[in-house]
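Student: Now that you have both chains on their own, put them together as the hints suggest.
The lines below spell out each chain.
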Amino acid sequence: VHFLFSFRAMASLSEEVLLVVKKVRQRKQDGTLYLMAERIAWGPEGKDRFTVSHLYADIRCQKISPDGKAKVQLQLVLHSGESTTFHFANESTALKDREAAKELLQQLLPKFKKKANKELEEKNRMLQEDPVLFQLYKDLVVSQVISAEEFWANRLGGVTNTDPAQYKYKQEVGISGAFLADIRPQTDGCNGLRYNLTADIIESIFRTYPAVKQKYNENVPHNLTEKEFWTRFFQSHYFHRDRINTGTQDIFSECAKQDEKGLKSMVVQGVKNPLVDLLSLEDKTLDEGYGVCGAQPSTSNSNRTVKESSNYAIIKRFNHHSAMVLAAGSRKGETSSTDGNSRDSDFFQPPVKKVKLQEEYEDLQQENRPKTVPLNLKKSDRYAHGPVPLQSQQYTTSQDIINSVNYIQHEMANYKPNLTQVLSSTVATSAISALSPGGVLMQAGAQQAINQMVPSEVQGELKHLYVAAGELLRHFWSCFPVNTPFLEEKVIKMKSNLERFQLTKLRPFQEKIQRQYLSTNLTGHLEEMLQTAYNKFHIWQTRRMMRKT
Amino acid sequence: MCADDEVSLLVIVVDVNPIWWGQQAQREPEFTLSKCLDAVMVVGNSHMAMARTNKLAVIASHCQDSHFLFPSKSWRGADNGGDDASSSGDGKYELLSVANNLIAEEIRNVMSKSEYKGNSTETLLAGSLAKALCSGQEMKSRILVIKAAEDCARQYMNFMNVIFAAQKQNILIDACVLDSDSGLLQQACDITGGLYLKIPQKVALGQYLLWVFLPDLEQRSQLVLPPPAHVDYRAACFCHRNLIEIGYVCSVCLSIFCNFSPICTTCETAFKIQLPQMVKPKKKKLKQPT
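Protein sequence lines, in the order shown, are assigned to chains A and B.
Numbering-wise (my numbering), the first sequence opens with residue 1 and increments by one.
Numbering-wise (my numbering), the second sequence opens with residue 1 and increments by one.
To be clear, the hints were calculated from the coordinates, so they are not data collected in a lab.
All residues carry an ideal CB built from backbone N, CA and C; glycine is no exception.
Check before you lean on any hint, since a few could be wrong.
To be verified - Example chain B residues on the side facing chain A (calculated, C-beta under 10 angstroms, incomplete):
#  : residue
1  : Pro-18
2  : Ala-25
3  : Thr-32
4  : Ser-34
5  : Met-41
6  : Asn-100
7  : Ser-112
8  : Thr-121
9  : Ala-153
10 : Ala-204
11 : Val-212
12 : Val-224
13 : Pro-226
14 : Ala-236
15 : Leu-254
16 : Thr-266
Said to hold, decoys possible - Straight-line distance between alpha carbons at most 25 angstroms, and here's what the computed DSS-like set of lysine-lysine pairs gives:
#  : chain 1 : residue 1 : chain 2 : residue 2
17 : A       : Lys-416   : B       : Lys-92
18 : A       : Lys-371   : B       : Lys-272
19 : B       : Lys-55    : A       : Lys-416
To be verified - Residues of chain A placed beyond 10 angstroms of chain B at every Cβ, according to the derived structure:
#  : residue
20 : Glu-15
21 : Ser-53
22 : Val-77
23 : Gly-81
24 : Lys-113
25 : Leu-120
26 : Lys-123
27 : Gln-135
28 : Val-141
29 : Gln-186
30 : Leu-193
31 : Val-212
32 : His-321
33 : Arg-382
34 : Ala-533
35 : Trp-540
Next up, chain B with everything else stripped away, as it sits in the complex (with noise of 0.2 angstroms):
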């Protein structure tokens, strides 16, 4: 086990998407965002439990903002007293009932202030994922990522900043994915040493978010863990955003094309290229005379 008093943050950054949640609750009643949230509070309750120096973080990712549903702006710490109303009758302990029903709280509100605003139907990963480096700042941290709807292109640049900005601050990211695959996260988990998983089965998420993710990085070490996901580092020629193993790259702007063209698009320069000599017989050479 860790030291005695290190102290150890995971932050749980949920999508909570909910054009995804609303169409996905349609297509499998049996994994709505409820069964979702609750298998997320069974790890945080489990991380929690490991030690008590263990700290829990949740975050929701909307299309329009992030919020934190743990800890709250209403809660006062672990030393809040008895007093509070919310504390269960089953004998749990009482940082876990109290977390658990301020995480429940919270994401009612932020779900029904959500309004069709627009034509934002993606997820802000990368300001939650911002967000949540900045809560892990004086402590060893780590972000485990669910995520439900779609990669964001537009969000590419910030992502890969805060990509590199949790390596540089030795952040770990994790990604649970439950639908389609994601280049970003993948790419996050595979700088930051983290460990990607596209789940086969929605329903299990508790399950495998108990059996992979709940360990930290040196645990890992110790155990037979899903083996790291192939990263696709293609770039994506800027003509037409195919992925592409060879291109050609403008030396002044750094572009990237699939095919060569002599004047860059992008920046307008004209590169002036030397067509191939026509190469003469050669004709032999009488030595001169000495």
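Only chain A is shown next, with the shape it has when bound in the complex (with noise of 0.2 angstroms):
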């Protein structure tokens, strides 16, 4: 009873405990060690308390000594690199004792493993999948301005918070049309055919053809090979083109059959579709080539020339081919009951688009749209007149007009090109100088940019800063208004942390531009934004100061 009370106090109330195992040492000392719900903890003897406790989730992996090894050992290796080892010191039962601690662990870890992993592997995708994330995290958490659990708090949305469902719902790997064309038989040299098989190969042949999966089944291994199936599975007319002489000892000539039957069924069902009508569709003969060309052809196969049959064999196996790959495709799981022959052909179309065709479209019904106010504009010629002030314009006086017409009508009524004295070398020479290097219309040019003035290196690690500092600016200002106390302590590590990146970031960079001479203040912005929020701060805390007193 005194072990049992000592030991909930160890444990939480709500830890079940799965194994308990005595006369364990760790680090020379014997205890004892427990294996619960979500931990392996283990305590020193007479003590009440663990000294060692991991969770199963920052269990990398387990090892074991060897068998012949006189001691009997069990290892835990965490993700952090860390490793605790346990000896197993009951003389009689160590061996049973160890290898029951270590199949329960193998049945524990799996569980609490693809949660963790999950996590990492999250982070890491998005890592590498975007640069300036990764940029942001070296410069922030691996510099230990914020901590890992901070930089990730917002961003992994996806992992953490996730519905388990997404991830059920991983879109699958449809079936290629021309999986059977793929195969591609390739001669062996002395009249016989080499068919390449691979296992989506073979995988695409059982979700298509259910039948031929069933027969997989029923005859192999003990009737057959998988060889020999296969070989006779090429072998038969099932597979061939001209499927005309279905021979009848055949195994796959019930797939034949049944394919008939299938294919039967889904053109007796027809397409359930409101905007088709297949049955007023029929094939229109025209001439050779474009169809068959005199009779109405019949239905019934004796009427059919040899080519014709063919033909007709081909083309009813293609169709049949394609509805068995759509039907294959959207089954969703194994289900070999399920015959792909009777297929709802209504079932492919989404049920979005299904819902649509239902409806009338919009456009086609009438117009009863919304009322809506009607915009009215009382002086639109405002629009008409752009950003040019209204000026006081030269007064032309009506006489100065009609002088000014006149003066350049008797001008022009005699113009002849003067192409000899367009210029004379000293207005020239003045409009040269004026456009050279320094002259009265190149003066603008003289600023330069300052994008020109600093070294790129410069600008990229200014960049980065501003990422960085954005960042941890934003955390800041996102507790405002700080009305709980968890925004409280965040507040006031984040100060801290603008602190530390101002120390450890800023102040460096600033200092080495210095002594590149570079006088141009690059980092003036990025004090004011840090000054305005330690100034923030200050007025939050001397606020909270005054409350309390």
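Tutor: Put into structure tokens, the structure is as follows:
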């Protein structure tokens, strides 16, 4: 009883104990090993607390000492690299104890492993895919400005907070319609053919033709080896194009009959699509090569020529194959009982499209749009007037205008180009000097753009600083208004993070550019932002003090 | 140099506003419309002489309409035989002399027909630009505007439409301004990637044209040319037409105002603005006993 009571003090009430192993030594101390629902723990003999406790999620793997060894040990290796070793010291039951512990761990570890790994995987993936994020991670977490938890706090919404349902409905890989063609038989030199079958192709065949899968299950491995089965498959007329003579000795002849039945049932079912009327379609025969020439094609086999029959067979087979591929693709989960031949073709349409097709199209309906308020522009000429301010134009009297017009008409009435007297050399020279560097028209160019004066690596570093500072400031400012104790803690922490960032990242950068004699103030704005944050913090802190007193 | 068979069209739009030029001739007799046209011909000839595939067009922008000075209707193309009586006797490349003669003839016609009708004293620049855009459809082209008279506020919408059309078609608009700065042309040059230059000396127009505006876009990247002008993109308020940096915009009709008013005067929408609440002094809430 005493033992149980003290045990309760050690473990939380909700944790279930799965296994207790006594006489387990750890670090040359005697003690007891406990395997619980979510962790493994060990406590020294006589003490009522655990000195070693590891969550299963933290454990990367377990190792056991080889069977021949005198010491029976079990080692736990954690994700962090640490390891803990337990020595099973009960003379009689050491091996049994260890095996029991090992087996239990083997069952438990995978359950917790997935969760931890998935998170790590997700984090790794995000860092790999987004170089900006990776740089931010390096700048902030690796240089210990903020902790990894804070960094990932808002970012892992996809993994930790996701509903597990998302992972269940992983998209299944469909079946290539050409999977049979992909087999590509090759001649092996002596009148034979080599068919290359991969696991994918076999799977495609099974998924598309459940009948073949059934035959496989019936015959392999008791009646036929796998190789024999597939050899027969490819030899059978079932596989070959001209399936006119269906041999009865074939194990696949049943499949062919089943296919026929399935095809007939599909045809009978028809297409339940309100917009498609398949029955109104028929073969329109025009001429040789455009269809069958001459009389109406009959459906009975006896009237066909050999060529027609083989064409008919090919087309029939092709349609059936396509239907089976589509059916297999949309079938969820492997159920050999589902006969792919009886398919509701309506099923192929995605539900949204179905609903849309069943309803009428909106623009074909009557116009009953909601009432809108018309735009009532009283002075629309205002838009036509551009940002040309109303200046008082030079007032020209109509007399002036008439004079000017007359003058110019007089001048141009006898206009003859005089291209040798266009400029004098003095005029030309003064124009050239105005256009030369330093000239009156070239002054504005002397002011170089800042991005031409600062080396690109400095620019790059500055960009990283901005991204990092922005991230920290975002965390900081999101704390306001501070109305929970959690936010209080966070804002204090963020302020110290900002200070740490300024000290470890910003100052060295400033010193560096100073050494390079760059006189431009590149970090003024950053400092301003940080100072604003500090001011806000100071105000908040003083208010808080005043409220408390 | 550019590809051999690539046709490159230069359209020169010359502002021939008779009122401005008439006044100019009286102000500064050493630089008249004749001189201006001479300079235009020089740069036009130079452009055609740079490459066999270069083409030229000249449009006169008047206050009544716009005219193509070159190519004109009477010109039947470069294959015109030597029976043209206007071929000059100085051994000039025939295309150049034909072009010059045609330009001279056309401008004489245009200016002689000038009648002062009504109040139109403004150059119809937007229309000329539109014509220039249409003529440069199938080939790589650019437009050079030689501006004399002031901007016309009434043409603003058309002008902006033309500028955006030019931008869409990748047609450069350059501007050489003789007198007062033109905000519209500054925008045009900025948006289409052209050069805007207000020249300090009108008599040196020919030199400026050859130095700055003759090279095409690829060649300009290798030259040191005047830096782009700073463009004032401020909007003008609808009430006073003042240029403002910060203003108020009606969310219904997008008209811009410099002062707040609860009713938009353009679309007569009334805005309901919430006045800031009076902040009551907070009473300390006693914690509820649990």
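Student: If I take the minimum Cβ distance from Arg-382 (chain A) to any residue of chain B, is it greater than 10 angstroms?
Tutor: Nearest chain B Cβ is 5 angstroms from Arg-382 (chain A), so the label is violated.
Student: Can we trust that Val-212 (chain A) is non-interface, i.e. its beta-carbon lies farther than 10 angstroms from all of chain B?
Tutor: About 60 angstroms separates Val-212 (chain A) from the closest Cβ of chain B, which puts it past 10 angstroms; holds.
Student: According to the definition I'm using, a residue is off the interface if its beta carbon is farther than 10 angstroms from all beta carbons of the partner; does His-321 (chain A) meet that for chain B?
Tutor: holds, 51 angstroms
Student: Minimum Cβ distance from Asn-100 (chain B) to chain A below 10 angstroms?
Tutor: With Cβ-Cβ at 5 angstroms, under 10 angstroms, it holds.
Student: Holds or violated: is the Cβ of Ser-112 (chain B) closer than 10 angstroms to a Cβ in chain A?
Tutor: holds, 6 angstroms
Student: At 10 angstroms, judged by beta carbons, does Ser-53 (chain A) keep clear of chain B as stated?
Tutor: The claim holds: Ser-53 (chain A) sits with its nearest Cβ about 34 angstroms from chain B, beyond 10 angstroms.
Student: Once the closest CB in chain B is found, is it more than 10 angstroms from Trp-540 (chain A)?
Tutor: It holds; Trp-540 (chain A) is separated from chain B by about 16 angstroms at its closest Cβ, greater than 10 angstroms.
Student: Just checking, Val-141 (chain A) versus chain B, shortest CB gap more than 10 angstroms?
Tutor: holds, 40 angstroms
Student: Would the stated hint for Thr-32 (chain B) survive a check requiring a Cβ distance to chain A of less than 10 angstroms?
Tutor: holds, 6 angstroms
Student: Does Lys-416 (chain A) sit within 25 angstroms of Lys-55 (chain B), going by the straight-line distance between their CA atoms?
Tutor: holds, 23 angstroms
Student: Are Val-212 (chain B) and chain A close enough, Cβ to Cβ, to be under 10 angstroms, as the hint says?
Tutor: holds, 7 angstroms
Student: Please confirm whether Val-77 (chain A) is truly not at the interface, meaning its C-beta sits more than 10 angstroms away from all C-beta atoms of chain B.
Tutor: holds, 48 angstroms
In terms of the numbered hints stated before, the structure departs from hint 33 and from no other.
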